[in-house]
Amino acid sequence: MSRETYLNIATLAVLAGVPLWAWMADEPFTITLATRAVIFALAGVGLNLALGLGGLVSLGHAAFFGIGGYAMGILASHAQSYTPLIEVPFVIEGTKSMIVIWLVAILASALAALAIGVLSLRTSGVYFIMITLAFGQMIYYFAISWPAYGGEDGLSIYLRNDFPGVNTLMPMQFFGLCFAILCLVLVGMNLLQKSAFGLALSAARQNETRVLSVGMEPYKLRLVAFVISGAITGLAGALFADLNRFVSPTMLSWQMSGEIMIFIIIGGVGRLFGPVIGAMIFILLEHVLGGLSEFWHVYLGALLLGIVLFAKGGVIGALAGREKAHD
Amino acid sequence: MTDTVLRVENLFKSFGALRATNDVSLDLRAGEIHALIGPNGAGKSTLIQQITGHLASDSGRVFLMEEDLAGIGPAGRARRGLGRTFQISSLAMEHTVLQNAVLGALGRRGHAMSFFKPVMKDVALLEAAHSALDQVGLAQHGAVRTADLSHGQRRQLEVAVALTLRPKVFLMDEPMAGLGLEGAQQMIGLLTELRNSAPILLIEHDMDAVFALADRISVLVYGEVIATGTPDEIRVNPEIRRAYLGDDVPL
Ligand SMILES: Nc1ncnc2c1ncn2[C@@H]1O[C@H](COP(=O)(O)OP(=O)(O)O)[C@@H](O)[C@H]1O
Ligand SMILES: [Mg+2]
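Here the protein sequences line up with chains A and B, keeping their order. Per the UniProt record's numbering, the first sequence starts with residue 1, numbered consecutively. Per the UniProt record's numbering, the second sequence starts with residue 1, numbered consecutively.
By construction, these hints were calculated from the structure, which means they are not laboratory data. Be aware that a few hints might be false.
Think about it this way: if two alpha-carbon atoms lie no more than 30 Å apart in a straight line, the pair counts; the simulated DSSO-like pairs of lysine-lysine are [as the list claims (entries may be wrong)]:
hint, chain 1, residue 1, chain 2, residue 2
1, A, K312, A, K220
2, A, K194, B, K121
3, A, K220, B, K117
4, A, K96, B, K121
5, A, K194, A, K220
6, B, K121, A, K220
Which residues of chain B face chain A? A few of them, derived with a C-beta cut under 10 Å, are [to be verified]:
hint, residue
7, V102
8, R109
9, L165
Quick reminder that beta carbons are idealized off the backbone N, C-alpha and C, glycines included.
Looking at chain A on its own, in the form it has when it is part of the complex:
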């Protein structure tokens, strides 16, 4: 096994071990922190497909995170007030079922990614960054000015949603659910990186002309990647809303997009576990430094700068060396 594989296994062990310990020591807050890290990691895994493998620097991924969040918020708020979402032409009721909520979150964020992708993937470089940012802001302002679902104040949900056989209000059980999803998505992403699609997508990142010359359309590859990427980040958004039992336009803000990108940069762009390690470090810093000083973002900034300047492969690059070509 490669060093990176060992590092990945150790990462998962820590990520599962800390809340397990906290559960035994009766420290529910630590479990919640770990759950936050898992959900942020999932959001980052989504973006990493577009950013790391596809080379698409999207500054609008909070849109998908937030759409996933609002999918949860809207469905659950209608369920808790016993009012249908719509009555004409047919009745759609709210729901407290996590599975339904996840599916809706995935579908809604995938559709949003498709629309944004179609319109933005014709551009590249700095224009792509600006267009994704602009779409993200558009959806953010829309949420702020949409009074039906709380506008700027957001939406509160009293109870966590339901999953068969799981008491989702128990922090450890909800953590387990989120962790299982993250692991599943990581397995899928690992396969995807090594698949025909992964090979072609990363080739398109390295050399678009080459991909065209063998008869494949980089635009199509990127669009598919962007949709999958948005869907995964959307799923993370639904979980995040459920963790907090609250959703607000903050989830859609460009700062959120930036944070998701920061997880990836800290951990290692394009590395399978980059966003996982990055999200863990982020939560740790937020918690430890945030307790010491209000200005913890300054230290985060310094860390980020250090990584960008001295460790281009992020923490994984520094610890496990250059990425081996997938084979």
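With chain A held as given, fit chain B with the ligands onto it using these hints.
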């Protein structure tokens, strides 16, 4: 006309005031190597780019097996059978040599929308990739990262990727540049074999190679084809000797 595989009619391309190609017409027939020669900046690479669709032509038409390629982009043209190599190697540098060849085989298959099967364990793709690498003499280098290849090896890999496409025509932009004597000899041997699977439009500066390989030669000067003919016709054409060949090529 029946054995014409590729036909180029009245292609024009200007960069600002510069006419890079100026009313270029030529054809490529089954089984032949058609060499395109001319001084630096004559417009040879521009012409290839126009044929492959990487550059939009100002006017003119390109036919592959009598199909008008107007409005078809470079990927579509590659799928229809235009296989090319670049003057400046254009490869996925972080991928291994084998991965680049597999990418070509994948292009030949026509789609990459397979998400869960490991592509580097796909027997059919690997077979095509290995056989192409073998043909160009890179069989031993499959696991090497492309960025770590020498200049000459990159040229060979370019040709290998084109081979995996099993194209209807090859468009090769200076495949021998920088190969060294032995490498160039190998490439000449390879091109001689390849012409039987698909005709080759060959841009080449090495006149020994050109006159050894080509069935026909077109001379491009300032974007215009000033002559097309057999090597013997070109060799003795006084205008071409003056414009381009000089005394390099003995009569
Ligand atoms: N993208 C471009 N923009 C502007 N000028 C170009 C471009 N590509 C080529 N040229 C110019 O067009 C002419 C023909 O170039 P090229 O086709 O590369 O010549 P050759 O391959 O015969 O050496 C040259 O004068 C070159 O500088
Ligand atoms: Mg040239």
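Cross-check of the supplied hints:
1. Between K312(A) and K220(A), the direct Cα distance comes to roughly 29 Å. Compliance with the 30 Å bound is thereby established for this hinted pair.
2. Of the supplied pair hints, the one linking K194(A) and K121(B) holds, its CA atoms being roughly 10 Å apart against a limit of 30 Å.
3. For a cut-off of 30 Å, the pair hint linking K220(A) to K117(B) stands: about 19 Å separates their Cα positions.
4. For the given pair, K96(A) sits about 43 Å from K121(B) by alpha-carbon distance, which is inconsistent with the 30 Å threshold.
5. At most 30 Å may separate the alpha-carbon atoms for a hinted pair to count; K194(A) and K220(A) meet this at roughly 18 Å.
6. Note on K121(B) and K220(A): the hinted pairing holds, with a Cα-Cα distance of about 24 Å set against a maximum of 30 Å.
7. The beta carbon of V102(B) is positioned within 10 Å of a beta carbon in chain A (closest approach about 7 Å), and the interface hint is therefore held.
8. The interface hint given for R109(B) holds, since its Cβ lies 8 Å from the closest Cβ of chain A, which is under the 10 Å cut-off.
9. With a cut of 10 Å, the hint placing L165(B) at the interface with chain A holds, because the nearest CB-to-CB distance is about 6 Å.
Hint 4 from the earlier list is the only one contradicted by this structure; the remaining hints agree with it.
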